[in-house]
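Chains as they are written, first to last, in my numbering: chain A, 1 to 461; chain B, 462 to 800.
One or more of the hints may lead you astray.
[Unchecked claim] Facing chain A, from chain B, some residues (calculated, C-beta under 8 Å):
hint, residue
1, 543
2, 546
3, 735
4, 738
5, 741
It is worth saying that the hints were derived from the structure and are not from the lab.
Backbone N, C-alpha and C define an ideal beta-carbon position, used for all residues, glycine too.
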Amino acid sequence: MDRIFERLSDIVGSDYVSNAAEERFIYSRDPGVQRPHEPDYVVLPNTTEEVQKIVLLANEEKIPVVPLGGGLVLSGLSIPLKGGIVLDMKRMNRIIEVNEKSHYAVVEAGTAMGMLSAYLAKHYPTLKNSLPDAPPVATVAGNVMIHGSGHLSQSEGGFHSEMVTGLEVVLPTGKVVKLGSCSTVPYWFSRAPLPDLAGLFLGWNGTTGIITKVGIKLYPRPLLNDGLMFLTEDVDTVPDIMFRIVNTEMCEDLTFFITPKPAMFEGFQMTIISITANSDKEMRLKKEIIRDTLKDYYESKEAGFVPIPKEMKAFLLEAPQKNLSAFADVRKGGGFEYVGAIIPVEKIPDAYRAGLEISARNGITYSLGGRMIGRGHSFMFYFAYPFNRADEDDMNRVRQALDDTNHAALKMGGIPWKAEVSGQQLILKQMWPATYEFMQEIRGLLDPNGIMNPGNWEVNP
Amino acid sequence: MNDLKFSPDVCAKCDTYDCLMKCQYMDFDLESAKEERWKLIRGEDTRILYDCVTCYACEEYCPYNNHPFYLIVERQEEKGIHPVPKPIEKSQIRAMAPRGEITPMKVHAPVINMCYFPMMLGTIRGKLFEGASAIVGSDIFCNLMYLHFARNSVIKERLPRMIENIQKNYLEPSGVKELICYHDECYGTYTSWAPAFDIKVPFKPIHLFEYLYNRLLELKTEIKPLNLKVAYQRPCSNRLSPEIDHFVDDIFSLIGVERVERKYDHENALCCGGVFEAQQKFDLMEQNQTRNVDDMKEHGATHCVFNCPFCFWTLSDLVSQKGMTPIMMSDLCHQALGE
Ligand SMILES: Cc1cc2nc3c(=O)[nH]c(=O)nc-3n(C[C@H](O)[C@H](O)[C@H](O)COP(=O)(O)OP(=O)(O)OC[C@H]3O[C@@H](n4cnc5c(N)ncnc54)[C@H](O)[C@@H]3O)c2cc1C
Ligand code: SF4
Ligand code: SF4
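When you get a sec, could you build the whole thing from the sequences and use the hints?
Encoded structure:
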């Protein structure tokens, strides 16, 4: 029997390791259009110690380790480009602590966003976590690793990685480190006031270490939520509209979408303003303030607030949003991938035009949209293209469109987020050379054998 | 073609100017009412064009059936006035456009026209609608809602095709002559708007309330009186057929329900506010909704009865928040039959 397989079995138990063809097939791909690569082993650890032992083994054997959370990133970031071990973290899904008064939770890396949110709703109904619109099995660690964002990103402090209060990480050499206040005291309240080392891991796609625990900020959960939809036909007005709404400080989430279907939406931009409150009075006031800030727009009759039927409102205010998942099957054959570009807010019109132009040029349909990150600090603009997985031509058209979109995003001053390997290369080519060198030096120090998710964040993988 | 049957001579002889004097959303004395009315008739600019909230009520107020409201809408459209912001208007016109998917279907009387409310089809059930066929969809949609958007032209363009669709695909091949209109809007279209614009209607429209009343009479022995005090939310399009209002009382008396005599019912009924929201008149919407629902509560209603699904969606939350139960008229009748 395979020696590495046996040693992995000794570490995690034989039920939690596999090199079976069907398993390797499943773990070789994700739901996007990136090409599959098979791992040699799939392993599901249960504890930090097990992760540590696996990493030590991988160093000894010089085989790659690719951490995997929900596997929902869509851009192939947990596809094992050079084989090796896929480290599926889903068994490490314990919610270790909720500190109600200091508003944070400590969870194991494989804890799903949906689990945390359900747990809070049941045991701490006054608190909530920011949810990405990914299916709820997306993990907290996978999401902060890629600088995810969600329904509290506008009102509560930006990217989910900015909501991290502390980390436990198994370094590529097997050392276990704690980062943030938890390194010094028994509390996970923040990364300050210590030297902030979390940046050595967040955004690195698992190339610098394996997160085993995350401290994540929680926020108040007001009793009521409601929403407004503002409809425009002139995309050049959108940045100003968003700016004004953000400046009222009255809304929780601020998103917008553009879609050619149903026909009633084609050519319009729908800005969705989610509002929370603890009383009807507060809700009315917040709505009034937001409406007032856009008064000259609606009085001009060139834009306006759309009355939203109750069912549609419930759908629009849902967190996570299901409409993107439904969009995945537009082409029948269930697939979509998107470039999420983090762009300056004023570039929304450019992004919109680029999206329309690219999808038309490649003969594919689209869904465009985005979310305000922070109080107007940047905008996550997604260009989503659906495809039929059984149709290789269709997938190639989408691959081309994604590539075109990455170029367009960089050209307009944005940066593709959670970019696939080819997108990462585009970014690195444009990066200040010394910065790239610095990244590689850090990586070399942390991961001398180059075992961690190789192929990612490399100019020449 | 399709010119409005409106006569300036009738207005010239009118001495009440009720159309404007009774308007709940604009204030006039007789002099100013006359002045503004004539500006409207002559096609001049008048505040009516901008301040009318399209509540339909003056169609009822005019004692001579001279279609004052339809004239306002004609003039608004002629002058390119948009009561609702243009993108909303455009998207709504597209949203409700006929899909051209209708195919002939065998129906049997009673045929219930559910307008474009597929989500309401569940109410066509039980003894109340025994043996009924229900028709629904974009290809039979009356399109009257575009009055609120100052777009008579859309109705003129689409309605003849809708009428033909109903007649040729459903009624004629099945030998059915009557069409029961679930929504006041459809009934008003066929009995008021279509004749006003000289559009022929080949079938006989029957208002849902007339049907419900007659059906409840047939099932009288099975009715269990509900013993409720209810407020009735009269829909805007009922202004086009005020002669139907007595059926509300007739139905209520059959099912043991008291219609509370409140300020904002009958001729003084208030708009649910949904249209005000589309017209971006948010303060008016809130004031109107509050005084309307408070009035229901103050008069001891425990339920608010709707016939228009749109009014229901707009007001039901507020009604519930004030401790009353929102309910559609058809569901109230089902309840009385124990269904
Ligand atoms: C329909 C849909 C909607 C989406 N909407 C959003 C959205 O609104 N906001 C958003 O942020 N994202 C969104 N996404 C993208 C993505 O699904 C999420 O970001 C998701 O949270 C990623 O988490 P995951 O557990 O699936 O990570 P994975 O895909 O498993 O991993 C992501 C990356 O992190 C690494 N990684 C995972 N776990 C660890 C760990 N423990 N230690 C070190 N590295 C690790 C992986 O190697 C990989 O590089 C959406 C995806 C879909 C399909
Ligand atoms: S529309 Fe009717 S109420 Fe108004 S002035 Fe003419 S006749 Fe009188
Ligand atoms: S439709 Fe209503 S608001 Fe408009 S003029 Fe007639 S009564 Fe007044």
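Hint by hint, where does the structure go against what was stated? Just the numbers, ascending.
Per hint list: zero violations.
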